[in-house]
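Participant: Since the structure of chain P is already known, use the hints to place chains Y, F and Z on it.
Residue numbers (my numbering), protein chains in the order written: chain P, 1 to 146; chain Y, 1 to 146; chain F, 1 to 85; chain Z, 1 to 85.
Since the hints were derived computationally from the structure, they do not count as laboratory data. Careful: at least some of the hints might be erroneous.
Calculated lysine to aspartate or glutamate pairs in the DMTMM-like style (CA-CA distance at most 25 Å, straight line) [to be verified]:
(1) Y/Lys-120 - Z/Asp-19
(2) Y/Lys-120 - Z/Asp-60
(3) Y/Lys-120 - Z/Asp-30
(4) Y/Lys-120 - Y/Glu-54
(5) Y/Lys-120 - Z/Asp-23
(6) Y/Lys-120 - Z/Glu-13
(7) Y/Lys-120 - Z/Glu-20
Note that the structure is a prediction, hence the values are computed from the model and not measured.
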Amino acid sequence: MIRVAMQAAAIDVGAELDLHDAGGHGASASFIGRVRGDDGLVELFLEHHPVMTEAGLGDLAHAAADRWQLAALTLIHRVGAMAPGDTIVLVLASSPHRSEALAACEFLIDRLKTDVMLWKRETFEDGRAAWVEARMGDEVRAERWG
Amino acid sequence: MIRVAMQAAAIDVGAELDLHDAGGHGASASFIGRVRGDDGLVELFLEHHPVMTEAGLGDLAHAAADRWQLAALTLIHRVGAMAPGDTIVLVLASSPHRSEALAACEFLIDRLKTDVMLWKRETFEDGRAAWVEARMGDEVRAERWG
Amino acid sequence: MALNISYFAWVRERMGTADEVVDLPVGITDLTALLSWLAARDARGALAFAEPQRIRAAIDGVMMGPGAPLAGAREVALFPPVTGG
Amino acid sequence: MALNISYFAWVRERMGTADEVVDLPVGITDLTALLSWLAARDARGALAFAEPQRIRAAIDGVMMGPGAPLAGAREVALFPPVTGG
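Excised from the complex, chain P in its bound form (with noise of 0.2 Å):
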């Protein structure tokens, strides 16, 4: 079973474990990534282009299931305002091989991070906003699973 989504509102973790859990056994691998609070961070913004983001994420998906044996992958993206401490991105990738479940996991949060079109914008306590400028290391990142 394939899940992908975007969505603005909060990411049901425990939820989302429990659909994705359905019937399976074996391994599963899963990846949450949560909005740090640096530097005096109090909100930040995804913006993404929403047919893009969408196609984005189903090729993802589906690359990771032509690639390993998965019995059900989840990929669920937030979108929108957020604040420290809310859950960004839930990956969840379950397969009867522990090898296979944790390399799927690896290579689409690696790679969520350069395929999706997303833009961010960090909003600080003391009111300074900016839209954050690429990273070359997260290119680096997707790059070694040609």
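Facilitator: Same frame as chain P, but now just chains Y, F and Z:
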């Protein structure tokens, strides 16, 4: 916060996630291993050497905490009799940085497979029961970490 | 030629709108020409497209380089490099 | 010398007990000698320790090789190779 447990009681993933998350931000990687009902398996029985497994889990958790920048670490292993679908093992690793959380999680699950003193007995629906032989694959994976 | 243009992130903020429909003058046939035309059109365009090398573009949902032709395009999206998930 | 011995997995099943206290005869000074003595002691021991190369051992919670001396040991654990988590 490091939390380590060997327990005969069912592992409550949701409750462990809540405990683990308390106050934490950033990236969380997790691994959930479940009993597979392959080949008509009806029961998996895990025996351990309590003193040695406790020491083994503790050493493993501290090795990970020394090696990566972790905000929280949870390592729960179930022992005793389990049915297909039951969670055997739960690893949660959180860090400000996703690569650290992912690497720590993978390290821990690989090492758990070899460093912890556990023996598995499988019982099948035809009544056959057998102790599982040690697998070379697990030893090879664990050695990658040096 | 009528063309839907959408803007994202700081390009959207500088343009003061998320999208518009423009009537392209004859001769504006590729992305590079489009950016130059938008930069020359008004103060907002000048601010948003002063550094065209910082702009990325997609035509009908597909990423395109600066020389991509506009013929047949329904929507052009203009935005900064993405900052990931 | 009195020694606590504990058994795990199929070694435990074959021995019919999880642990016992034995009174070691003089001359049984290392793990190899202990396995031979247990194998010769009775039918259960013969079954459990027929193939000593399949047995692993820990003395007071620390894995030890076949030649490890028993002097000073409080507990010897005997078991098959572990099958992991």
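Participant: Does each hint fit the structure? Answer for all of them.
Facilitator: Quick rundown of the hints versus the structure:
| no. | hint | verdict |
| --- | --- | --- |
| 1 | Y/Lys-120 - Z/Asp-19 | 19 Å, holds |
| 2 | Y/Lys-120 - Z/Asp-60 | 23 Å, holds |
| 3 | Y/Lys-120 - Z/Asp-30 | 28 Å, violated |
| 4 | Y/Lys-120 - Y/Glu-54 | 17 Å, holds |
| 5 | Y/Lys-120 - Z/Asp-23 | 31 Å, violated |
| 6 | Y/Lys-120 - Z/Glu-13 | 13 Å, holds |
| 7 | Y/Lys-120 - Z/Glu-20 | 23 Å, holds |
In this structure, the earlier hints numbered 3 and 5 are contradicted, and the remaining ones agree with it.
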